[in-house]
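Peer 1: Chain residues, written in single-letter form:
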Amino acid sequence: MQNTVLVVGAGPAGLAAAAGVAGSGAKVVLVEKAAQLGGTPILSGYAKLVPSGEWARDAMGRMVKRVEDDKNVTIYKETKVTKFTGEAGKFTATLSNGTSVDCGSVVLATGFTHFDSINKPEWGFGSYEDVVTTTQVEQMVAAGKIACPSDGRVPERVAILLCVGSRDRQIGREWCSKICCTVSTNLAMEIKELSPTTDVFIYYMDIRTFGLYEDRFYWKSQEEFKTKFVKARIAEVTRSPDGRLLVKGEDTLVKRPIVIPMDLVVHAIGMDPNEDNPEIARVFGIGLEKHGFIDRAEHYTNTCGTTRRGIYAVGAALGPETIDDSISQGTAAAMRAVADMNALVQKTA
Amino acid sequence: MAIHEKSLIDADRIQTNENLVLDGVDVSGHWNTMVLPRYLKDYDTDFARKIRTFAGGENVHRCWQCGSCTNSCTVYAQNTDFNPRYWIYLTNLGLKDEILKDKDIIWTCVSCNKCTNICPKDVKPEGVMKALAHWLEEEGHTPESKSSIFDEEFLSQVYATGRIEDTRVLVNFLRKTNQSLTPPWLIEVGKRMMKYLPVSFLMHMGLHLVFKPRTKSWGRTGDVLRAYVREQKEIARKQRAMPKEAVHV
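Going down the list, the protein sequences come from chains V and E. Numbering of the first sequence is given in our numbering, commencing with residue 1 and proceeding in unit increments. Numbering of the second sequence is given in our numbering, commencing with residue 1 and proceeding in unit increments.
In case anyone wonders, no lab produced these hints; they're calculated from the structure. Any given hint might turn out to be false.
BS3-like, lysine-lysine: derived pairs with alpha carbons at most 30 Å apart [claimed, not checked]: (1) K255/V with K101/E; (2) K6/E with K248/V; (3) K176/E with K212/E; (4) K191/E with K216/E; (5) K146/E with K176/E; (6) K255/V with K96/E.
Derived coverage of chain E by chain V (criterion: at least 3 residues anywhere in the stretch with Cβ under 8 Å from a Cβ of chain V; other residues may be distant) [claimed, not checked]: (7) 76-90; (8) 103-116.
Computed from a predicted model, the values in this text were never measured in an experiment. In this text, a Cβ means the ideal position worked out from N, Cα and C, and glycines have one as well.
Based on the provided sequences and hints, a complete structural model is requested.
Peer 2: Next comes the structure, spelled out in structure tokens:
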């Protein structure tokens, strides 16, 4: 009987799962396709994380170190799983580097892919340099300077457009990406901290800063940092003759069309299913739900379960998820994965 | 050229030049009628800060447009053009021209404070109505309101004597606002009062009208008060004139 758990993906969820399994005394094989551990917060260069406010490199750095220092964890970077056979308790995975791994259970922490704004051409991304994504603004904040990419000037006005790549049947994204509202209200505050005279406008359909994010992010951004919230789904972003951007849409509370000059337009991009999900589903023999995220088993007694026994999935692999909840799920799945192996040991005894 | 459904267009968006010649062609009158676009072109990003410097407007930026204020409003029940939720939104985005369209009804707030009681974000909409009315007055968009004239009269008596004399406040107020000194409602009040023949009250009133008594040991209190009020108003005025706001202001 196996005493090894295969963890796929070394982002917040995967690192938590690996640490959980290793902490309980079992062995972990951690497989990461990128050259670096830490997942999207590191690979996309996030600034301060929500809600802790801690720098991504510090928080993720701690998670990475904990796993790297653990003798029970074997790490393979720049590696994928190419073949997977067996059943719960005795799986065999073949890695792209040729290694064969025998494992009792699997935790898939394969994450998500950022929505590519090119797919909403009417909002100017790819046409105008000063139309950027929340990821790019994260990188600006991490570098300590907010500037318009076209000429490096500090923007007088920033428009953040919510629900870019979310809640949009036109492009087959029928889900809410859950964290963009909170991230955007937080970015508005960070922009104001770097440039106090900049005005930040958030164009929204609804504000979904759920739970405790309500007052810590939405209210704070509005009340202390004077972020303006405009109820309008922008129809089009164009350029005015003076080089500034124009956001066009209908302000539904004034019931009037608007054409407002802006210096920087930010797309609050949503979370797509990982672009590798079809491959992951094929290799591991698991199902995907209708949006393309990994399909869940019945949740109440098979928490974190997928459609195949012995394989668990956590974090944004299952749908849009926060970093904190991804970490909690990683820890929960570690518990399930280890318990699975123990149960099989007891059965055969 | 006739414009169909002209009533649906704001009058100030229809432009016609009486005399106009373009490229040698006479297009005077209705031939050059233009309807200006109705879209909103820009925000006055400093306007909300300005309104926050007026008493009552301090929390206007907190609004998230739930509409509780308008829904609970006494005046809205009578006149659906009276919409505090809408004006607060316009204030926060600095859509000044839109607010000016309603300058003649904003003052009709009766200060019942139902909005302020119900507001989940503590915006104090009743205060915002006051702040807006005062802004309209200060910028000259509306004439000095009767209530401002009343306040001035009331305060000038307080400064001078530490108290007010009802008759004198009323008479001076009516005089300053060019109203009849014997409006029907006042005559009615007088008539009903006479039924009870309040002899000592009337004597009191008469005496006070003549002698203008001061509150005991009022001394220089009035001068100090007057100076303080003037100082506070000056500070608020300076704040309004300040350059663009920075964070945490």
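Peer 1: Each hint needs a verdict: does it hold in this structure or not?
Peer 2: Going down the list of hints, with the structure as the test:
For a cut-off of 30 Å, the pair hint linking K255/V to K101/E stands: about 15 Å separates their Cα positions. As the CA atoms of K6/E and K248/V are separated by approximately 26 Å, the hinted pair is consistent with the 30 Å bound. For the given pair, K176/E sits about 20 Å from K212/E by alpha-carbon distance, which is consistent with the 30 Å threshold. For the proposed pair K191/E and K216/E, the alpha carbon gap of about 33 Å is over 30 Å, so the pair is violated.
A distance of roughly 9 Å separates the Cα atoms of K146/E and K176/E; the hinted pair therefore holds under the 30 Å criterion. Taking the CA atoms of K255/V and K96/E, the gap is about 16 Å. The hint holds against a cut of 30 Å. Coverage of a stretch by a chain is defined here by at least three residues with a beta carbon nearer than 8 Å to that chain's beta carbons; for the stretch 76-90 of chain E and chain V the count is 3, and the condition holds. Check on the stretch 103-116 of chain E: 0 of its residues sit with their Cβ under 8 Å from a Cβ of chain V, so the three-residue criterion for coverage is violated.
Hints 4, 8, counting from the list given before, are not met by this structure.
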